[in-house]
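First to last, the protein sequences are chains A, B and C. Note that the numbering used here has the first sequence beginning at 1, numbered continuously upward. Note that the numbering used here has the second sequence beginning at 341, numbered continuously upward. Note that the numbering used here has the third sequence beginning at 675, numbered continuously upward.
It is worth saying that the hints were derived from the structure and are not from the lab. What you are looking at is a predicted structure, and each value in this text was computed from that prediction instead of being measured. All C-beta atoms, glycine included, are put in the ideal place defined by N, C-alpha and C. It cannot be assumed that every hint is accurate.
[Stated by the list, open to error] Computed list of lysine-lysine pairs in DSS-like fashion (alpha-carbon distance at most 27 Å, straight line):
(1) K1010/C - K548/B
(2) K1014/C - K548/B
(3) K810/C - K548/B
(4) K1014/C - K1125/C
[Claimed, not checked] Far from chain C, by Cβ distances over 12 Å, these chain B residues were calculated:
(5) A367
(6) P384
(7) G434
(8) F486
(9) S497
(10) A520
(11) T533
(12) L561
(13) L609
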Amino acid sequence: MRKLINIIGGAAIALGIGMTAVKAQDAGFDDGMSTKFYESMKGKKVVFVPISIGMDIAAGFAAGMQRMADQYGFQLQIRDPNWNVDQGVQAITQIISEKPDLVVIQNVDMQAYARVIKQAMEAGVRVLQVNVKATSNSTAHVGIDWYKNAETNALKLVEKCSPKNGGNGKIAALEGTPNNPTNFIGMKAFNDVMAAHPEMTVVSDQAADWDASKAHSVVSTVVRQSPDLCGYFGLWDGQDSGMAAAIREAGLTGKVFVVSQGAGEKAACEKIADGSYDFYVSYNIRELSKHINDAIAVILQRPADETLQPFAIYLTTQNLTKDTLTPSSCWTLDEIKRGY
Amino acid sequence: MQTASSGKAGDRRSAYFSQERIVLAIAVVMFVLFGLTLPGFLAPGNLLSLVQSVSILGILAIGMALTIIGRGIDLAIISTMAMSVAWVIFMLGGGTPVWQAVLLGYLFVVCIGLVIGFLVAYAEIPAIFATLAMTTAIYGFTRVAFVDVDLLFIPQSASWTREFGAGYVFGIPIPVIAFAIVALLAHLFLRHTKPGVFIRAMGDNPLKARIAGIPTRPMMLLQYVISASIAFFAGLVLATLVGTMNTRVVNSTMVYDVILVVVLGGIVLSGGRGGIFNVIVGTLLIGIFLNGMTIMNVSYSIQNLIKGVILLVAIIIDTVLNPRDEQTSQQGDI
Amino acid sequence: MAISETYAKWRYRLVPDHVVGELLSKNWIDNAIPVFILALLLIVFGTVIDNFFTFGTFSTMLRQMGELTFVVLGMTLVILAGGIDLSVGSVFALANFLTLFLLNYLQVPVMVGILLVLLVGALCGLINGVLVGYLKLRAFLTTLATLIIISAIVEILTFRYARDVVMYTPDSKLWDLLAAGTVLGIPFNFVLVLVVAVAMHIYLTRMRKGWHITAVGGSRRSAYNAGINVRGTVCLTYVISGIFASFAGVLYAARLNSAGSETGAGLEVTVLTAAVLGGNSLGGGRGSVAKALLGTFIVVLLTSSLLRLQMPSGYNSLLLGGALLVAVATDVRWLKNRHKLLSRVYVSPTYFAPTAAASTDPGSGSPYEINDRLAEAEAIGLDQVDGAEDLAFDRQDNIYTGSRHGDIVRFFAPDYTRSEIFAHIGGQPLGLHFDGDGALYACISGMGLYKVTPDREVIRLADETNRSRLSIIDDSRMRFADDMDFAPDGSVYFSEATIRYDVTDWATDSMEGRGNGRVLRYDPKTGVTRTVLPKRMFPNGICMTGDGESLFFAETWAGRINRYWFAGPRKGTVQPVITDLPGYPDNIRRSSDGNFWVAMLGMRTPALDLAMRMPDFRRRMTQRVAFEEWIYPNINTGGVVKYDVNGRILESLWDRSGEKHPMITSMREHKGYLYLGGVFNNRLGRLKLPNADPNFNDRALYFGNWS
């Protein structure tokens, strides 16, 4: 219900702002681009297909786009397949037949939407992929370099634990769902780094299905098995909170060096502050959301019949530790909605 | 002996080969095998962690077992657990005092139990369907009405309760103690209270139970309220253990794991047979198995594969030992 | 006529109440609820969503439905046989992966690849089938275990090959057709669905093996005892389900070319929802292809429309869960209460104003004046007969009569003390006549028109007629063949008393006052039977007038005898001959003096005559009062009346004591005697007729070779 009210409220605000914007232009100032810019935005239809709007990063994207839509006067629709790939495909197929000006797709994995994205492009519907890129190229992609993030983390572990640097070289990795792209790209980076550093020993490489409680039971077994573990490699903070809990239970906080990555939501910063994560690569959704809005702005300004060369924006990440943490390192959904 | 005391002639005949004993034997063999081959398996720390890692599963399995013994099934148990606790965490995030949030959460859970019970007992929807449908309905309702995100972190404002599940009492992890307490209470309930006896009678033969004057419908309500309550408790322990609640477990195969534990322990799906001891045996077997596999660093997919095969083998052995025949198998008994 | 009665007359003439009960008695009425839900959804979404009723919307939906429907059809089959198959989702995913692996990675020819995948699907189904069917494991758990095992295998395979299998796409027309082809604008995969659905429908409803599936699901024990191969049948359903699920996987692979990790996750729940929403009963025995299609369409409509409505995700789950609950709850309620509802509304009285009955009072001077002449009748087969509705004589004067046990019994001349079962037919014989060759024709209730040759061979002559265009009940089936006679051209005219009731409920038909019966004609040359006079009130006795172009037939509940011209200048006309009979006429037979005998199975009563004009009253009675307490025709007193060809009553014979022949359903004059039969009497009767021709045999009036 609340969401419905939000949407209605949002629409009302959009209308209000749109009106004022129009008035402002009438009386306002045209610097030679601004009028053209506003006109290219106004009345356009953008449809967003998230993985699930309940997912923090998808909610972040949606909030950012909504703010933009409200201010520039284009229409934003959200079709939420709620983790169901089949419904996602269904939604995109349906959207293609509606011919909107732009579809923003948050890919579930590299495969699932590849075909329909291609179909959309062939049907002349522009597609902006976000977060994870499908195997097929589209108008644009705004995303995260999963390989680089994981590589950064793995290298950090090497730096901390390598016998060359005085460690014992024993580390463990905790995977999510093996087939998930962030997982296998990340694990590829991890394995590549480990191959380059034969002095490291990977004592355990288990999957926990992105489930914190499974992560907890796996990690508590592993750390009891190898009490002298030097570091633990994590791929997503949502799962790694279970890992951190298990390590704390075993009394090894501070002894096992935990690297993790995530969207940098406020809970992550709390965990960095309390020492759960020793090193954290943050792909800040606030920033990613801004990139998405930039890409939307670029695409909407181009004429609909123009063939755009695919372009991409990859996010610059932040490496967070207890010491580098600032009050603005993390974000909350409310902040994005309010436009910080 | 649990099965013998349930008083069925057939049980006594095959008592020596009851599934529970077979599973217990397998568990012991696996335990000894792992103990001999895996270094560090027998370390007290590892054994505790073994039990702890399956405690939540065990608690849920007890809730499931109670419904199955009463000739029902509660496929919505994970959904109930995840969504109620998600709401509690959501309220905590909004600044609601802990006791108030937990109380409201519990009321919600009781309502869920009553709705399921009503659907099964009064609307006469087969339990498999009622609970299957409720799984999505509970998820949908909570998402619409209460919680709008998938993953919830317990806020720091939750003070000491934040890490309740991660605590220890006399060196024993809280989840293990919680499992023990729930098991004990459930055992006492089943064996020494009237509703418990009624539920067992109902599971054995619902028609006769009804004729005998047992209020079968209210008992069904009770059964689902209890399983929902147990789910809520398990959820609280789980969430405070790891600091989060991921509502996506609703769509995971976790409920199948719970059924696996219950069935492995030798509780028959057609109801009336088995007790809490069966659940403990099933839970331990899975615990030993998972722990050993993790130590051996067997991949997650292969663990799933082996789990499935174990379940299948357990059912096959059970069917071979306690065969059903065309004349006595019940209509719609799937 | 009082205003209320005029109102009743028109109200019941204009509103066909009986349709409700007939609709409810149809098997396909089970589909009413899902159809209603579907219509409701279409209306709601049609108004809420802009441009909903467009080709694009439905074309997209149908393509979605393609894959899902295959899986649902397989699941329906399994459910129909009393099982459940949770493994469909993983088989689907496995097939999807294997298809891509074979076609893209190994680059196997498309046809071969698809066949191999189907083979693997069948194998998965076979594993389930052997475990559940032959080893008798529990379906739910077993398929749960195979679900876990197969999806683990898929996971391992996908992890290893996911990126390799989508690098190449086969260049094949067939593949493109499967992926995105259309036939007349309809997505190709949906065309496939239609073809398979029709085939499966025929298999399930018209073929022996298909019936076995329903039988096993309906009652496993009975099916087993009836000698059906229960294990094999159950096993077969899982194999088919496996094949269907894997074919759906092939289609999915063709459409999306993606080996995503989430493929098929949770599919089993969607499929189960669709199957049950359509009205297939979990537990088996009740279900159909149409239901499966309906359910699938509802699910697809619901999910895709909610997506378009931009509903937050919770609503989708809430509504799907709610829909499943409502569907199962209605299904359970419906199953439980359908027969109750049916028995309440099936009997549907309508307005009928009977002509006032002639008096039977002694001293009234009426030709029906009561007497005791039947008391003189001697008994034949006392306490041996049971259900002797009619009787007939062969050349040796042996008596043939029917029995409730489905036999024709023969009493031997001359003293009729010995008897034997002449032939077993299976249904209760009613009207009986010999033809010129000495073959016995019989109207068999519930079966139709039969012939028994002198060698006791039973031959079916007619069991169906043309179906009326607007009839809801299948009136091509013969439910209640009652009496017959031979026309000069050799064709047989016979009556069917009612098309709404079986013989066991024959008296209930009297409550309705509607023309539920008909007169039929069987043509021996073509073997075809056609309805000649529909909508008659319990047509019973049939008898040729002897002029070669007309016959008499009795309308029992109207107390009326009509004359019908089937040839000659007045062909096709019907004229009431006697309208004020004091009783309910049954069979009509010829007499030796050229007149006609008609039997009275019971007497009309003023109370019932009045009630016939009060349909509301009768409706309340049939709905609220136990049927033993209804006002029924009085069938405890009967008699025989003789009339001439113009309908003038010549004489009447009664049994006042009601001891020997309380009910008379038939009589036949033979060699100076009148032989009496009554379907509820414990005897046949024989009464010496004072002035009758002692050599009379009514067959001689029809067939020259009998004299």
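Please list, smallest to largest, the hint numbers that this structure does not respect.
Hints 4, 8, 13 contradicted; others consistent.
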